[in-house]
Amino acid sequence: MNQDKKQPGHPLDGLLRTDRIPHIWCPGCGIGTAFSSCLIAMKESQMDLQKTVMVSGIGCSGRGAGYANVDSYHTTHGRAIPFATGMKLANPELNVVVFSGDGDLFAIGGNHFIHAARRNVDLTVVCVNNFNYGMTGGQVAATTPYLARTTTTPAGNPEPAFNLPLLAYASGATYVARWTILHTRDLTESIQEAFLRHGFSFIEVLAPCPINYGRRNKEKALDTMRVYQEQTLIKNDAHPSELDIDFDRGIILGKFVDVERPTCSERYDDTCRPKELMEEEKAA
Amino acid sequence: MNPAVLTGEHFMTGDVACAEGALAAGCRFFGGYPITPATEIAEHISARMPELGGTFIQMEDEIAAMASVIGGSCAGVKSMTATSGPGFSLMMENIGLAVCTETPCVVVNVQRAGPSTGLPTQGAQGDMLQARWGSHGHYEIIALAPSSPQEIFYQTIRAFNLSETYRVPVLIMTDEMVGHLSERVVIPKAKAIKTVSRPRAKGRKDRFKPFEPGPNGVPPMAIAGEGYNIHVTGLTHDEMGYPAMTVEAQAKMMAQLVGKIRRNLDDIISTEGYELEDAEIVIVSYGVSARTSLAAVEEARGEGIKAGLLKLNTVWPFPEDQIRALSERVKGFITVEINLGQIHLEVERCACGKVPALLAGHPGGTIIPPDRVIEILKEGF
Amino acid sequence: MTFWRVPLDLGEIQISRGKVHILEDRCKGCGYCIEFCPKDVLEFDTKFNQKGYHPPSVKISDECVNCHYCEIICPEFAIYSVEASAD
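So the sequence lines, in the order shown, correspond to chains A, B and C. Just so we're aligned, residue 50 is where the first sequence starts under my numbering, counting upward by one. Just so we're aligned, residue 458 is where the second sequence starts under my numbering, counting upward by one. Just so we're aligned, residue 4 is where the third sequence starts under my numbering, counting upward by one.
Hints listed in this document are in silico derivations from the structure and should not be mistaken for laboratory results. Heads up, a few of these hints could be off.
Unchecked claim - Chain A is faced by these chain B residues, among others (derived, beta-carbon under 10 Å): (1) 486; (2) 504; (3) 512; (4) 522; (5) 524; (6) 526; (7) 532; (8) 536; (9) 679; (10) 680; (11) 683; (12) 698; (13) 699; (14) 703; (15) 707; (16) 733.
As the list claims (entries may be wrong) - Here are the computed lysine-lysine pairs in the BS3-like style, where the Cα-Cα straight-line distance is at most 30 Å: (17) 100/A / 666/B; (18) 22/C / 267/A; (19) 662/B / 100/A; (20) 42/C / 269/A; (21) 54/C / 269/A; (22) 54/C / 42/C; (23) 835/B / 811/B; (24) 50/C / 92/A; (25) 709/B / 662/B; (26) 788/B / 811/B; (27) 324/A / 646/B; (28) 267/A / 54/C; (29) 42/C / 62/C; (30) 42/C / 92/A; (31) 42/C / 284/A; (32) 662/B / 92/A; (33) 54/C / 22/C; (34) 100/A / 659/B.
Positions of the beta carbon are idealized from the N, C-alpha and C atoms, including for glycine.
Please model the complete structure; the sequences and the hints are all you need to start from.
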């Protein structure tokens, strides 16, 4: 990698494609921090990085895969999860991480998300939620707060937003957490916890998008961070139905779901494979 | 438990023969979604795959099915899906991803009449140009068109072999009639079946360039989990696989994607001729229509008309040179296909106005009877 | 850090010391490290980096307690700290 000889290395350089840094994310964009948390979690979890794959969809967060120095796949818009599902089922030895954005995972890709959660495919899905479509210049998303301004809701968003942890919970995700990039230690811990468990894990990360979302809603990057500091409360095990993002009441963060359920591959093996084949494999 | 290759004589439908061909070729991941008249392929594979150590999954839609197939293939497993018109439309974007990322995979389209939901239980050949150009952007792709259950068995194996050789999605463009037709299928011994696997990455992991072409123009493939730390993207990319947003990078990548197919036409294109040697009128056809065309040729010969059949086993890339050469010496062409003129346009293009190129077409739902072909032949020539 | 009440064992606690490293040309000037440093160690530099941003610089070097928060909040992989003794 093209590392400047004079500069000492960053502790995450080994996990970064440093020849592609600086990344494309804007000044103050929170994706870099969410991505950094993800890399720290990968490093600290001691998982076999050779067997670790990062899959992204399209959008700002979708560029994540392109910066991770592991096998990484940048797929089509909304389709990171079904791609990752195929990869995980075809080779269950792989640790598959999906790193993508709210528009990608919950609007165009919403159907895939709920089905992967229902099947309990052994994936870790990290969703950077910046409340809008950043890559295309700041359009309304399925997560944009009611009345927020975007380039396609110039008079304010007339629609309500998804409560993502509730959606994940209702679909059957076995691990659900929400943090902001300011809570980066908790976030890293959550991602690490998710890596080390089996089943479908979902972590929502709230992140500022100062250039496209913040600018139109009179919020600088540091203002958003102050909201994360002052208007959030950590309430582990809160019921997912309480988790609508409401800035007046305060945004609830924490780990909400952590249950064990057989994974998609385990159930497939148990239900569909001939018993003698499974015994042969065990013996081998 | 049954073996992967069901050696012996069988009476089976085209759909089941397709499934058996896939298993014999080494397919061990199938991501599907039910759709008439292709459902039986998924049904048959869902029962057979687990005992062979492979995985079948019915995804939530055809978009997901196609995405899962590319994921499966990137994990190193020969992967396939099967669908029909509406599902084929939904798969288009990800077929483009497989083209751009040079991911081997096989997509079966058991064609039914369209547009839209059309005639779900009745066949047609209306997706032939969609097969060629359905995903956005300019690209090369391989499409085969079997015309019987026995052919579908062998062509499915060939589809996997071509796909693995050239790292390109291969489409099997069959039709409802062939898919639902029960006929004798002879499956040879496993040893007699030649299967090909993709060229694999070798050598130093820190120096590997995932999209640097190998000696035959096809880049050796590193699969997920081998330690090559590859990056794969549907963005225009350089040989490292990194996004490269320049006109030059686009030109270089396109030359690679298109060149690896165009340089190997002799290996990829397969056609069969019947009574072509002295033919004055050449009937061009494929899939189920090749069968009615054969009957038409026999009927015409019985009446003393020098007709011959050029049966396209490979439809894309199109056998341009062969049609051009024929147009130098024959009186004309008739393309027989269950649409209102698709491959006909290609034949017309390659005949270059030297001789007439007629169409025996049909809007879909049934076969074109041999009599209709004879009528057109007599009216036109 | 100012204490609301002084911990009884303040004298016995070993406070680690850190040294901040800044990869200036990676910085895009978001200011997160400066704003959220619990010891207020950093400030914007007056100079520009290659991209035209003001990177952070260390204002009070002996105050760093090597908490790594600048390192993990930085979206650009542009800052990190190490144990001062190990440096």
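Here is how each hint holds up against the structure:
A distance limit of 10 Å between C-beta atoms decides the matter here; for residue 486/B the minimum to chain A is near 5 Å, and the interface restraint holds. Among the interface hints, the one on residue 504/B holds; its C-beta lies about 9 Å from the nearest C-beta in chain A, closer than the 10 Å criterion. Look at residue 512/B: its Cβ gets to within about 5 Å of chain A, closer than 10 Å, so that hint holds up. Hint on residue 522/B holds. Least Cβ distance to chain A is approximately 8 Å, under the 10 Å limit.
Proximity of residue 524/B to chain A holds as hinted, the smallest CB-CB distance being about 4 Å (cut-off 10 Å). Annotation: residue 526/B was flagged as interfacial toward chain A, and the flag holds, the nearest CB pair being 6 Å apart, inside 10 Å. Using the Cβ-Cβ criterion of 10 Å, the hint placing residue 532/B at the interface with chain A is satisfied: the shortest such distance is roughly 4 Å. Nearest Cβ of chain A to the Cβ of residue 536/B: about 7 Å, under the 10 Å cut. The hint holds.
Evaluation of the residue 679/B hint against chain A yields a held restraint, the C-beta minimum of about 8 Å falling below 10 Å. The interface hint given for residue 680/B holds, since its Cβ lies 8 Å from the closest Cβ of chain A, which is under the 10 Å cut-off. Contact between residue 683/B and chain A, as hinted, is supported at the beta carbon level, the nearest pair being about 8 Å apart and thus within 10 Å. Using the Cβ-Cβ criterion of 10 Å, the hint placing residue 698/B at the interface with chain A is satisfied: the shortest such distance is roughly 9 Å.
Annotation: residue 699/B was flagged as interfacial toward chain A, and the flag holds, the nearest CB pair being 6 Å apart, inside 10 Å. The beta carbon of residue 703/B comes no nearer than 15 Å to any beta carbon in chain A, farther than 10 Å, and the hint placing it at the interface is violated. Interface hint status for residue 707/B: violated, as the beta-carbon distance to the closest one in chain A is roughly 17 Å, over 10 Å. Violation of the interface hint for residue 733/B is found here, the shortest Cβ-Cβ separation to chain A being roughly 43 Å, above the 10 Å cut-off.
At most 30 Å may separate the alpha-carbon atoms for a hinted pair to count; residue 100/A and residue 666/B meet this at roughly 19 Å. Note on residue 22/C and residue 267/A: the hinted pairing is violated, with a Cα-Cα distance of about 36 Å set against a maximum of 30 Å. Among the hinted pairs, residue 662/B with residue 100/A is consistent with the structure: their alpha-carbon atoms are about 14 Å apart, no more than 30 Å. Distance restraint check for residue 42/C and residue 269/A: the Cα-Cα separation of roughly 23 Å lies within the 30 Å cut-off, and the hinted pair is therefore satisfied.
Simply put, residue 54/C and residue 269/A have alpha-carbon atoms about 21 Å apart, close enough for the 30 Å limit, and the pair holds. Of the pairs offered as hints, the one joining residue 54/C and residue 42/C holds, with about 28 Å between alpha carbons and a cut-off of 30 Å not exceeded. With a C-alpha separation of about 19 Å, the suggested pairing of residue 835/B with residue 811/B holds against the 30 Å cut-off. Taking the CA atoms of residue 50/C and residue 92/A, the gap is about 34 Å. The hint is violated against a cut of 30 Å.
The hinted pair formed by residue 709/B and residue 662/B meets the criterion: a straight-line CA distance of about 24 Å does not exceed 30 Å. The hinted pair formed by residue 788/B and residue 811/B meets the criterion: a straight-line CA distance of about 9 Å does not exceed 30 Å. Pair hint residue 324/A plus residue 646/B holds up; C-alpha atoms about 27 Å apart against a cutoff of 30 Å. For the given pair, residue 267/A sits about 26 Å from residue 54/C by alpha-carbon distance, which is consistent with the 30 Å threshold.
A C-alpha spacing of about 11 Å is found between residue 42/C and residue 62/C, which places the hinted pair at or below 30 Å, so the restraint holds. Taking the CA atoms of residue 42/C and residue 92/A, the gap is about 27 Å. The hint holds against a cut of 30 Å. Between residue 42/C and residue 284/A, the direct Cα distance comes to roughly 27 Å. Compliance with the 30 Å bound is thereby established for this hinted pair. Under the criterion of a C-alpha separation no larger than 30 Å, the hint pairing residue 662/B with residue 92/A is consistent with the structure, at around 20 Å.
The straight-line distance between the Cα atoms of residue 54/C and residue 22/C is roughly 25 Å, inside the 30 Å bound, and the hint therefore holds. The straight-line distance between the Cα atoms of residue 100/A and residue 659/B is roughly 18 Å, inside the 30 Å bound, and the hint therefore holds.
The structure is inconsistent with the numbered hints 14, 15, 16, 18, 24, although it conforms to all the rest.
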